[in-house]
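Participant: Residue strings, one per chain:
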Amino acid sequence: MSATTILELPPCRGDSYLTDGSTLTSWLLTHDHKRIAILYCLTITGFFLIGGAAAALIRLNLLTPQGLLLDAETYNRTFTLHGVVMVWLFLVPSIPTTFGNFLLPLMLGAKDLAFPRINLLSWYLFTASGLIVLAGLITGSVDTGWTFYEPLSSGYSSGALVVVLFGIFVNGFSSILTGLNFVVSIHRLRAPGLTWYRLPIFCWSTYATSVILMLATPILAVTLLLVAAEHLWGVGVFDPTHGGDPLLFQHMFWFYSHPAVYIMILPGMGVVSEIIPTFARKKIFGYHFIAWSSVAIAVVGFVVWGHHMFVSGESIYAALVFSFLSFVVAVPSAIKVFNWLATLHKGSISFEAPMLYALGFILLFTIGGLTGLFLATLAFDEHATATYFVVAHFHYIMVGGMVSAYFAALHFWWPKVTGRLYPESWARFAAILIFFGFNLTFFPQFILGYLGMPRRYATYPPEFQVWNVFSSAGASILAAAYILPLLYLGWSLVRGERAPSNPWGATGLEWQTPSPPPTDNFARTPRVTRPPYDYPEPTV
Amino acid sequence: MSEHVLEKQFVDLAHQSETAELGIWGFIATEVLFLGGLFAAYGFFRYLHPVGVAAAASHTDLAIGTVNTIVLLTSSFFMSWSSLAARDGESRPAGVLMLITAALGIVFLGLKAIEYAEDIHEHLWPGPGFSLSTPDPKSGEVFYFLYWLLTGIHALHLLVGIGAILVIANRARRGVFTRAYHSPVRVVSLYWHFVDVVWIFLFVLIYLPGRAP
Amino acid sequence: MNGGVPFLPPSASNFAGEFNILFAGLLAITSAVLGLVVLLMFRFCAHYRRNNKTADRGHQTRKSWRWEVGWTTGSFVVFLGLYAWGADIYLREHHPPAKAEDIYVVGKRWMWKVEHQGGQREINTLHVALNQPVRLVMTSQDVIHGFFVPAFRLKQDVVPGRYVTLWFDPDQLGTYQLFCSQFCGTAHAEMGGNVTVMAPGDFAKWLAANASDATLSGDGAALFHRIGCDGCHGAGSTVPAPSLAGIYGQPVALRDGGSALADDDFIRGAILEPAQHAAAGFAPVMPSFAGQLDEEQVVSLVAYIKSLGSVPR
Amino acid sequence: MPRPPRRLVFVWLILLLLLGGNIALAFVGLSVLAPVAHIAVAATMAVTVLVIFMELDRGVSLFWVFAGAGFFWLALLFVLTAADYLTRYSFTPS
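Those sequence lines, one after another, are chains A, B, C and D. The first sequence maps to residues 1 to 540 in this note's numbering. The second sequence maps to residues 1 to 213 in this note's numbering. The third sequence maps to residues 1 to 313 in this note's numbering. The fourth sequence maps to residues 1 to 94 in this note's numbering.
Rather than coming from a laboratory, the hints here were simulated on the basis of the structure. Note that beta-carbon positions come from the ideal geometry of N, C-alpha and C, so glycine has one too. Treat the hints with care, since some could be wrong.
What the hints assert, rightly or not - Straight-line C-alpha distance at most 16 Å; calculated EDC-like pairs for lysine to aspartate or glutamate:
| no. | chain 1 | residue 1 | chain 2 | residue 2 |
| --- | --- | --- | --- | --- |
| 1 | C | K113 | C | E18 |
| 2 | B | K112 | B | D61 |
| 3 | B | K8 | A | E537 |
| 4 | C | K113 | C | E296 |
| 5 | C | K113 | C | D230 |
| 6 | C | K53 | A | E537 |
Said to hold, decoys possible - Which chain B residues stay away from chain A? Per the calculated CB distances, all over 10 Å, these:
| no. | residue |
| --- | --- |
| 7 | A40 |
| 8 | A63 |
| 9 | T74 |
| 10 | S91 |
| 11 | I120 |
| 12 | K138 |
| 13 | V160 |
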């Protein structure tokens, strides 16, 4: 199973999915899950750049206490745009719609997802939703933050709010249909011999993610519908002047939005669980525990939402319950980290770029997770919630974690997806730069939050400036580090070396077909006879 | 092109049919949460304002609500029958039964339209023109906010259902469905019954509170 | 504040000390875990790197469940301890002592309006006496705001449509920052001010210097008469309405069969939404005052009804 | 046109009966218990439709899991939100 001995069909022959039709309609009307994955990848990259530009503006503005270049209203609109775009147009769809779409049928040994037409519909809904949301955010003055708290949003916001809410509503349908497609495919399309416990961990985590997409998103949709209706009618269930309860909005919103955090991290965990065994040349440690901990996170993750509301005026007894459950949900995450570390033990480890990203993921996710324990602790949360401590915490999970994992996946499967090899040393450099840039950006924000700087402040007291300057300096490094892969990956599309079918010597089914794969994935339906990550143990 | 193609990702037609059915069950699960979220909004608002909500609900038209419930339950009966007929390969009779189902759906919408007209006439549309003679008209206004939203979304679902039934009824008329291939009928039928289930709860929440003397 | 690089916020309330210990505890435990993760990762990565041919890779652990059970229960036990620690402090943060002095706070875009019992009013500042526990009774005129004093390590969202409370016992003299912590629109970042903790003598002088014509409950009494509350609830009224004397802090039987504790929030509700709060034995005829009174006026009415006699909380 | 299956006719009649019963309940004056009773009857009707009309009784067990998941997750929303509402206020509206 060495990387050099497997030389299958040369990659760019006529039967590759990339060359099977080259007209625009052959892409825009494709039912091929791999092409749809590419469509998604292009779309979310665009949205990532827009959201990132907003982030850059935010960090630039916070260089000085009075705000460097934006007035308060523009600043508020900017962080609203940053949050909405990053959450719904990048993080939630990121790994599931690109690598989930591309890899799931390959890993299942199937020719496509269960519902290919619905898959394409999902992409159209997603793209349309992104354009609607952006139109609303850019032309209208929506400054509610991505959380749309009531009664600020329905009572005190401009009419463009309804446009943005409608966009997110449509986005929800895309999420739901994607989740449904994945869940049904995993249940029904596994190749002969591919039992549940022979599935790669990526499939388990995609399954868990999809369950959340299916069952949480409808509540978001209906909640935003209620807000929009309240905005239009001037009356509603969240309206305190009519006896409505703004906290009900928070319950319903976080019933989606907390599990959504797991939508944004579980796929990353799946990616890392693929990469670590591959580069450690070792069976993953505690397969069953890692697999089931994803499911546990998906289920328990639904009953912890009240920890966003410890100081909101919810009942203190409810807060006690939610705090306890929040500690419970941290256990499966801890299990994963320990199992990844144990996988490294006695491995034969090499450090190509995907592995560097994956190791970075583990460290950043661990910091994000551990600071989550701080916030789950009731008395600590009473001080730190709604400050930069929370901002730092969730960026460690979503950017440090998920974006690192996305880049890890991008590099790991790049040869499979494109049939080209990326330049290794550039990629390693970018991985290391991202790690340091990220920490410089977000670690100071923990200190800012602990000092008491509230989030969503266009201006701030001067004593907070030092840490803000550090953070902004880090952000400039991070921005450069994120643009770098775009450049060399783009370059590799044209000049990169042709990739063999299995450049990493990995065991997964997706590596047993040519790079890039043919439209129907496999010449014959594979028959699976072995567990995943079946790397040979060295003889003593 | 043949009327029923085996898509490449499936082993055989049975595999494909059962997958389609699983898909619609999954979709129904998401719909349970979507509409359930509205019920949650209703439920917790009513918990806070039991008196105001009950008083407002007693102003709904119980007669139309009841007849409409009977209409929907009957339509579900015909849809079930149609589904059984399609499974036995009797495509054309199944199509006729579907048309009866769709017709009942249209009757429901017609009655609903009459009721809506009444409601608007009685100033029950939330907003500046709203008026309701109960001790707590503000809660009442929120009740009617939910009333329009809930029944409106339900009616939209019903409209989609009617459209889907008409499409497959047309295919049934051409004799497409056989013992081996009838999954579209199953899928549409499940969706239709689900919309019926939603109404069963809606009826209870909208028409029944505040009726006791 | 002296130009250096700040690391820790000032500590000025009874909870701040406990909080600092909790923070130190959390920091110690999580640093230990992070240290372990970093150590193991670097150790394994260095020792088992592929080109280290001498590393012993044999006898790999197969029966993993001992390890799994070990770190699962280990994490869980530690988490349970942290949970109990944080919950204990949190519960005490939400149970004000009986001797706490009530101060009313109304949040409004974009200012904090404070009213003391004696009728002293301030905007964006709050003056309190050292070692005199204070209970803030807060509401909002428009959207949700957040009352946040980092030096006290306390924060409470101020929700429109009801009263929420926050209590503390200031134990360090000085002036501390007050922030709005819940995003409330354009000037959210400007919606802040100061909390000044004064020595009791200075505070008494401050109260005297800022005294207004009437106390808060006196304002309420005048309003009670002006808008006609006493037509029904006053002595000698012919309309059957419950007497309000001594009602504060007492359980009230409700018309629809429930029961209630007549606290600030209940009294506020009874004024603005009488149908929902109608007392047993009376016809629900009281009109709603929602939309006719602003929150500051309601506060004065509540203070007045409270002043009609109360039992200790 | 084949004759309607007796089973379906029977279930249809039961549903109508339950509906009648539910309406009758509304006029009895159960006060606090009324919503609970109404929803219990409605749930019975819904389960009848799910099991017979939607043929859960004949489907594979995975259908039960899918159908049940929606209701289970909805229950999570209701139960934990209720945990807040039932303990949040110092008064209990009936």
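Participant: All hints, please: hold or fail.
Facilitator: How the hints compare with the structure:
1. C:K113 to C:E18: violated, 30 Å
2. B:K112 to B:D61: With Cα atoms ~10 Å apart, K112 (chain B) and D61 (chain B) stay inside 16 Å; holds.
3. B:K8 to A:E537: With a Cα-Cα distance of about 38 Å, the restraint between K8 (chain B) and E537 (chain A) is violated, given a limit of 16 Å.
4. C:K113 to C:E296: holds, 9 Å
5. C:K113 to C:D230: Roughly 27 Å between the alpha carbons, so the hint for K113 (chain C) and D230 (chain C) is violated.
6. C:K53 to A:E537: The hint holds at about 14 Å.
7. A40: violated, 7 Å
8. A63: holds, 27 Å
9. T74: Holds, because the least Cβ-Cβ distance between T74 (chain B) and chain A comes to about 29 Å, which exceeds 10 Å.
10. S91: Holds, since 24 Å exceeds 10 Å.
11. I120: It holds; I120 (chain B) is separated from chain A by about 14 Å at its closest Cβ, greater than 10 Å.
12. K138: violated, 5 Å
13. V160: holds, 13 Å
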